[in-house]
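Input sequences plus hints: build the corresponding full structure.
Below are the chains, spelled out letter by letter.
There are 4 protein chains.
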Amino acid sequence: MKTAEQYIESIRELNATVYLFGKKVKSVPDDPILRPSLDAVARTYQMTTRPEYEDLMTDTSHLTGEKISRFTHVPMSVDDLVKKVRMVRLLASRIATCFQRCGGLDGMITMYHTTYEVDQQFGTQYHQRFRKWLEYMQKEDLFPTAGVMDPKGDRSLRPADQADKDLYLRVVEERQDGVVVCGAKAHQTGLTNAHELLVIPCRAMREHEKEYAIAFAVPSNTKGVTHIVGRQSCDTRRLESCRMDWGNVRYACVEGLTVFDHVFVPWDRVFLHGETQAPVRAMEIFGGTHRITSGGGCVVGSYDVWIGAAALVAEYNGLKNVEHIKHTISKMILDQQAIMGCAMDAAWEGAKAPSGGYLNNMLMGNVTKYLSSQTGFEMLKYLNEPAGGLPLTMPSEEDLRSKEIGQYVEKYLKGKAEVPTEYRMRIMRLIENMSVGNNHRLGELHGAGSPQTQIRYAYETCNLEYLKHLAKVAAGIEEEEELSLSPKKNGRLSKVSK
Amino acid sequence: MKTAEQYIESIRELNATVYLFGKKVKSVPDDPILRPSLDAVARTYQMTTRPEYEDLMTDTSHLTGEKISRFTHVPMSVDDLVKKVRMVRLLASRIATCFQRCGGLDGMITMYHTTYEVDQQFGTQYHQRFRKWLEYMQKEDLFPTAGVMDPKGDRSLRPADQADKDLYLRVVEERQDGVVVCGAKAHQTGLTNAHELLVIPCRAMREHEKEYAIAFAVPSNTKGVTHIVGRQSCDTRRLESCRMDWGNVRYACVEGLTVFDHVFVPWDRVFLHGETQAPVRAMEIFGGTHRITSGGGCVVGSYDVWIGAAALVAEYNGLKNVEHIKHTISKMILDQQAIMGCAMDAAWEGAKAPSGGYLNNMLMGNVTKYLSSQTGFEMLKYLNEPAGGLPLTMPSEEDLRSKEIGQYVEKYLKGKAEVPTEYRMRIMRLIENMSVGNNHRLGELHGAGSPQTQIRYAYETCNLEYLKHLAKVAAGIEEEEELSLSPKKNGRLSKVSK
Amino acid sequence: MKTAEQYIESIRELNATVYLFGKKVKSVPDDPILRPSLDAVARTYQMTTRPEYEDLMTDTSHLTGEKISRFTHVPMSVDDLVKKVRMVRLLASRIATCFQRCGGLDGMITMYHTTYEVDQQFGTQYHQRFRKWLEYMQKEDLFPTAGVMDPKGDRSLRPADQADKDLYLRVVEERQDGVVVCGAKAHQTGLTNAHELLVIPCRAMREHEKEYAIAFAVPSNTKGVTHIVGRQSCDTRRLESCRMDWGNVRYACVEGLTVFDHVFVPWDRVFLHGETQAPVRAMEIFGGTHRITSGGGCVVGSYDVWIGAAALVAEYNGLKNVEHIKHTISKMILDQQAIMGCAMDAAWEGAKAPSGGYLNNMLMGNVTKYLSSQTGFEMLKYLNEPAGGLPLTMPSEEDLRSKEIGQYVEKYLKGKAEVPTEYRMRIMRLIENMSVGNNHRLGELHGAGSPQTQIRYAYETCNLEYLKHLAKVAAGIEEEEELSLSPKKNGRLSKVSK
Amino acid sequence: MKTAEQYIESIRELNATVYLFGKKVKSVPDDPILRPSLDAVARTYQMTTRPEYEDLMTDTSHLTGEKISRFTHVPMSVDDLVKKVRMVRLLASRIATCFQRCGGLDGMITMYHTTYEVDQQFGTQYHQRFRKWLEYMQKEDLFPTAGVMDPKGDRSLRPADQADKDLYLRVVEERQDGVVVCGAKAHQTGLTNAHELLVIPCRAMREHEKEYAIAFAVPSNTKGVTHIVGRQSCDTRRLESCRMDWGNVRYACVEGLTVFDHVFVPWDRVFLHGETQAPVRAMEIFGGTHRITSGGGCVVGSYDVWIGAAALVAEYNGLKNVEHIKHTISKMILDQQAIMGCAMDAAWEGAKAPSGGYLNNMLMGNVTKYLSSQTGFEMLKYLNEPAGGLPLTMPSEEDLRSKEIGQYVEKYLKGKAEVPTEYRMRIMRLIENMSVGNNHRLGELHGAGSPQTQIRYAYETCNLEYLKHLAKVAAGIEEEEELSLSPKKNGRLSKVSK
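Chains as they are written, first to last, in the numbering used here: chain X, -8 to 489; chain R, -8 to 489; chain A, -8 to 489; chain U, -8 to 489.
You may find that some hints are simply not true.
No copy is singled out in the list; a pair is fine if it fits within one copy or between any two copies.
As the list claims (entries may be wrong) - Capping the alpha-carbon separation at 16 Å, the derived lysine to aspartate or glutamate pairs in EDC-like fashion look like this:
| no. | residue 1 | residue 2 |
| --- | --- | --- |
| 1 | K156 | E401 |
| 2 | K311 | E409 |
| 3 | K402 | D252 |
| 4 | K407 | E306 |
| 5 | K317 | E451 |
| 6 | K58 | E131 |
| 7 | K14 | E395 |
| 8 | K156 | D252 |
| 9 | K143 | E401 |
| 10 | K14 | E231 |
| 11 | K143 | E306 |
| 12 | K402 | E413 |
| 13 | K402 | D155 |
| 14 | K143 | D155 |
| 15 | K317 | E456 |
| 16 | K311 | E456 |
| 17 | K17 | E0 |
| 18 | K(-7) | E4 |
| 19 | K311 | E451 |
| 20 | K(-7) | E45 |
The set of hints was computed from the structure by calculation and includes no laboratory data.
Pasting the structure below:
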């Protein structure tokens, strides 16, 4: 497995085409705005090599029997599913921002299962190809991004009805040795830090939209691929030398748009091609899986830092023993743990899928994400209650260091007498960073799927006929027919099979 | 194991002292107000004997190796904990009201562990006694209530400081053959339907309050024990012959006050006696355990019926495909499943306790109950949204049956043309029953512990030092000390041990 | 103006056809279940004659110049609108349940304006007729119910498409001297206590639905009119002699279904007849007006009692100075006052309508009701937090009075030593009454219009074009065009006129 | 009155001591980071001179009878209070960020009343002094900041107990011609754009804390005064030439810390000096008054832009007619209007104070702010729902303008075909700006007082005795004593006077 240093070098060597503020980036590791985001990923590589995290961060490949990073491992048991959630929480609590790797992992899991099931249905050979690519990823310990979201243009129109056909990524040419694709993938987390791009279609396609039913992987430096880094709140603070103002003094995340301009994909890297029924299943798997990492363990790990910050700032402000502040912190813990409970239960209730791999409970995956997306806004309030207004109006680190006015800042930003002013300022800045700065969690709203997708999933998968039967029995409308309509074995009610 | 009929006869024979509306009840099974509540318990006995529920509703006693009801089984594995939650959900969804037995079960689990741990600490012999009693309960398939809540009088005063010392149950005399107790237990669920009373102290005691640190079991017809049935919304509808107006046409629940007026308890039924440190641990176990049955699986099973009723009434009203009604039902499902997720995770993360039995994760138990107590009020709104106002203003079944005006009721309470008016009325009545009638869930607020207890538990058990350390590291205040302060193995953070 | 006694006698004399539990009621004032509801209305008559309430409860008729009850007064100024809200709050806080008269008042206001506007548009003569009837109502000091809600049958179908055409009230015959109508009105508040029925259509009609566009008034004892009293939670407790268990020891409310079976209406009491455009305007006025009485002042007055009960039970329980209980009570006050603020502002921003009468701000009327319908569920939680579980499990008054067990009840339901047990029981029972008993406020959800109607009203009346313009200006998409799109004079933005 | 240009020149001439990033600012109007904030204030001056806003933005001085800006006008009628709220809303909706002037206005109102009342109580002469200064402010059309919040240091300690006595601003020397003060004021909105500093103490003082009971005004360029500009999210984007990335392309706000290092204040500018009872009343007035401007009208005006942006982005995304998106926008309107209702009612219920000026209803002021602080987090969710993830991951304007990749951005950020890509990007950037950028509204949480202050105010001013009486009457515990405890005339219940 790669060390952190090897990982950084590998990204340097990759030298993918990256644009930032309209200019080509010479070297991702040497760009001051991009480096903290690369360091966040590097930290995951570093922790993978540390013996104390071995159990959570590594596993044995079911393909090769070799020890691999859990970030390239397809879960083969409930225990694997559980450890995945715990790993993600651990990393989020240590890095205190998005570490960017869960999307790629969940994308690989998605395609592992989807290719298997598609092969079963259509007699295709995608699964074998995919395993080969996966084995390569495991061996080289590589990090892929999952390219899922198309730009989508006018959302009231289907892919084939868009004014510009490329607004959903598609095959524009079929060649003997592979296909040529055009389009883009939006909201690409970690796009400057990945070795590979794993592209998966994001919605149901109709028969006449075969060209859009395409999945594949290419190295992120492939010809025709351009990465355009998105702006973030406070992104340019990373150009400043005063790290206190970064809030999170080491790490950041990065997202953006990846464009595919006539990119060639050889056949052995094509994992779907025209199977229009497949994307719906792929999205069910990706959504249900990703919603307990990105929307589950990761959120919980971040909230470890939030709760710590809230408790710390209360202490620094002299509010430690104030009843309503303790109440606020308690609610943060209860809200956080409810998300953890759902994410973990999704894992505990995982089951073997046709491919032989394990998938977590899909409904609970959706429940987890829905809960975390709704809770986040209340949590933002809680985080700021003990802090007071300083995260929003506090002078800069340069003011603190200033010969002329540093004394004023030192004097008037003092909280509890025994706490250095600088400590209090740092924690305020971290709270700013997590509230409205680079690491705010507003992305939780749509990340891993907008709330509406979870609302719909819950409705569509619920066995309403069975529940209506229960109500009818209680009200005396129907007699009990216990045997014919019993819930599924796992205690979760699901759609009646026809 | 007892059949439903045997159970009912056993209660008749028991002939405990029960008062209802100031008068002594001659026979619980023959009292029209009390019978539906007895039937709810009888239904649990009936389902225990049905082969299709064998897996959930029975288990093998670790004391005798015999097959027993899960309602007398102390969980000996994670699987047992999981099945307990599922059993409770199953019953709540079928009976559509409180089936009254989870408190007694959780009380037995509590005392199984507490007696063991107290013996370890103090060299006492309670555990052996308790096992003997438990074996008897298993063999005879008996149902105990857990007498936990004292009347408490003035809540700003400790037990020993109350104007009337009996406001917390206590030992008033110690005899050679046992103790004599005075006091009462409030909010006794199922008090008229139980064979035994298992009394457990409900709060921390101080050294001078030894007389209050008393736990024991007595048959519910013991001399000096009086059960006073509490009033409930719509309780006297059960005197009416028109069952439609009951809402739930078969079952009800019952609660009340059990008074102990110089009740003698022989030594072999005394399970704590003066160990003032024990009640806190007992309450931690009882709370954490009961909060995933009463506040977890049971709530979820009830919501099965709620969701079914909401979907059904929407259909009967012609609102089935209305977008905002589907949205409401979706939210009911998501809220319900979040509670299930937490309850199940509490079970999945259960662990072996010193006694050898298994306890679910205590923090998640508290999280589950807190979530369900907060969610309930929103759920009440959701349930009534598709129903409209009829659950609150609808004529009686007698109006429907009336020769003079029945035709009007039939004509004007018609919903969708193909649905009989009576069906629509029945589901409206069920919704009334679950909203403000006999089976409303307002009791969820304080049942199994007021929200404030969960808020406090979360704060007190959280490893805030560790979380503050994480925030300090992110903000650059401290260097990482990964090894010294790592979270517990199970991924939940808990109090730093000293 | 009528005294309370005169009012009660007038209802006795009226002797309308009332059914309760399938049987004809001989005399409303002598029926034990119906009497407390009649007394609630009688109390409003009594307070009208008391000098200390003269300013709020009476006014000068703009028709006759005579002093009249505000319950028959059409507001002719902002001050009148403001006093209407305050009167309603006062009554709700004193009677502690629905006093039933605001619907009729708002119905009269609605038809006063609607008839005027319809006459202007169609050259009809309804307004003069209506004024004559209104003058009669003022002179005789009569109480009408507003018959608004039709049974509606299948809600996915329009009136004319229902299987049974009578599911919306309609004209079935036109005669020389008047019309004959069939149908019913549902959720009729105070139906057994009213002198007159004022019938108003409840939804938009199409050209072919002329027969449904009918408004009129008839005495409530008119031939062919049958009132069927709806069931309520705990309704039959009023048959019990122990008044403590009523919760509210004096008053109750009543609702039900009023059936019109070929009822003849003479022309001088017909206020709309075939003007299919009129009902939409009538519903806008009725909704916007009623939502600040029923959904505004009345809710606020009830919450006066709720907050008082919460504070009192906290005191009786010894919880008066507990921080989180004070927090709960504070939130009740803040939520209550926000509703009052919106209701009052709706009144303050009232304006003269074409008829010369004043209407409150319609948007704020909707905002008020929406807020109160959403707040109610949280308030229910708050009310019960300081109470604990006793409102749900407490023995009956008969238990307290029992010679055999009264001593137990007296002893163990004691709270703070200096508070008589009976007082504590009474307040618990009142909380039960307001939570799940006869006076629960669940009816707030759909009463005066379901939340969805307010949601739609807000969307449809908002000047979104203007607001989009503001956003475009801020984002640099458009230049400011201040003059062409300025908000309306009253500072509320409303739909752009074409 | 000053034109916008005159205002800007006056600030240039003032040349106060301002630090930004540790360096002295040469000229506020010429500083690229500070200028947009100055422009926001200048816009208020410009609108004051426009005839179409004359009614809202100007009034007649009750001191001089001359036409003045409403920003220097003490309300002398309910109409004035109402116009103040409407003016603030108007400006917030046009400037789309904090325009910084309401604090100063509310500070002047506060001291107008406080000085009068203190004079009455203590026979001092502050009011005359204050009127003279106010007349000067009106004549010169000057903008003062209100310096209210002290740094406070350790919040568990009183002013006099802090390790550093200056952590609350205080008099350090009393001279014949005036006083010398040391200390600082935090969270100073508009600190670089104000002509004067109006300093008011922020909390209750005890007898031995006389030195802290000091109020005064000094020009903002007074010797010893240093303004240190606070950091804000995305503050340095204003250094970039691409204005689209500013989000709000014209305006910003500014806050920071103002330090008083031995600042001399002549007697004629001292408005309180040692009257330790006065600050509590000043804070009641300032809180209650400011909470309907900063926390009322301003929030509502901002939400005009939010709602417009949400509706616009829905349209650009092709989501205009999607049911759940319309639902979201409806809720934004309802939430916004509830805040407006409370703020307006606070104004409508204003009353003449002893000084002859008018104060809005204080309780409703607190209710308004509490509501807006709680609503804000839900609004943040609503704003982002129709936007999708682009506000957080969208490329920069420089990417759009880039010769190399501009075509990609143009192509793939296209939404609805007829909407230019740039328009869609602009609205996304505005949403970013209002969510996590320079104009986010997180400051609403603590601005104008933390929620806890409103919670406490509600509890302390509520006439709980009267409400408990109402509950006792309903429950039959007490007879009605209507006259002795009647609510205040204005329909709001307030503290029983002794």
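Okay, the hints, checked on the actual structure:
In this homomeric assembly, K156 and E401 come within 16 Å of each other (Cα to Cα) only across copies, at 14 Å, whereas the closest approach inside a single copy is 59 Å. In the homo-oligomer, the alpha carbons of K311 and E409 lie at most 16 Å apart inside one protomer (14 Å), although the nearest pairing across protomers, at 36 Å, exceeds that limit. For the homomeric pair K402 and D252, the shortest alpha-carbon distance between copies (11 Å) is at most 16 Å, but the shortest distance inside one copy (57 Å) is not. In this assembly of identical chains, the alpha carbons of K407 and E306 lie at most 16 Å apart only when taken from the same copy (8 Å versus 37 Å across copies).
Within a single copy, K317 and E451 get their C-alpha atoms only as close as 40 Å, which misses the 16 Å cut-off; across copies the closest is 10 Å, which meets it. Taking the closest pair of Cα atoms, K58 and E131 come within 16 Å of each other only inside a single copy of the chain (12 Å); across copies the shortest separation is 54 Å, beyond that limit. In the homo-oligomer, the alpha carbons of K14 and E395 lie at most 16 Å apart only across protomers (8 Å), although the nearest pairing inside one protomer, at 38 Å, exceeds that limit. Only within a single protomer do K156 and D252 lie at most 16 Å apart by alpha-carbon distance; the minimum there is 13 Å, versus 63 Å between protomers.
Taking identical chains as interchangeable, the C-alpha atoms of K143 and E401 lie at most 16 Å apart only when they sit on different chains, with a minimum of 14 Å there against 51 Å within one chain. Taking identical chains as interchangeable, the C-alpha atoms of K14 and E231 lie at most 16 Å apart only when they sit on different chains, with a minimum of 15 Å there against 19 Å within one chain. In this assembly of identical chains, K143 and E306 lie within 16 Å of each other by CA distance solely across copies; the values are 14 Å between and 47 Å within a copy. Only within a single protomer do K402 and E413 lie at most 16 Å apart by alpha-carbon distance; the minimum there is 11 Å, versus 47 Å between protomers.
When the C-alpha separation of K402 and D155 is checked against a cutoff of 16 Å, the pair qualifies only between copies, where the shortest distance is 8 Å, while the shortest distance within a copy is 60 Å. With identical chains, the CA atoms of K143 and D155 are at most 16 Å apart within one copy only, with a shortest distance of 10 Å there and 47 Å across copies. Taking identical chains as interchangeable, the C-alpha atoms of K317 and E456 lie at most 16 Å apart only when they sit on different chains, with a minimum of 14 Å there against 45 Å within one chain. In this assembly of identical chains, K311 and E456 lie within 16 Å of each other by CA distance solely across copies; the values are 13 Å between and 52 Å within a copy.
Taking the shortest alpha-carbon separations for K17 and E0, only the intra-copy value of 14 Å comes in at or below 16 Å, while the best inter-copy value is 45 Å. When the C-alpha separation of K(-7) and E4 is checked against a cutoff of 16 Å, the pair qualifies only within one copy, where the shortest distance is 14 Å, while the shortest distance between copies is 62 Å. For the identical chains of this complex, K311 and E451 are inter-copy neighbours only, at 13 Å across copies versus 46 Å inside a copy, given an alpha-carbon limit of 16 Å. In this assembly of identical chains, the alpha carbons of K(-7) and E45 lie at most 16 Å apart only when taken from the same copy (14 Å versus 52 Å across copies).
When held up to the earlier numbered hints, the structure conflicts with none and fits them all.
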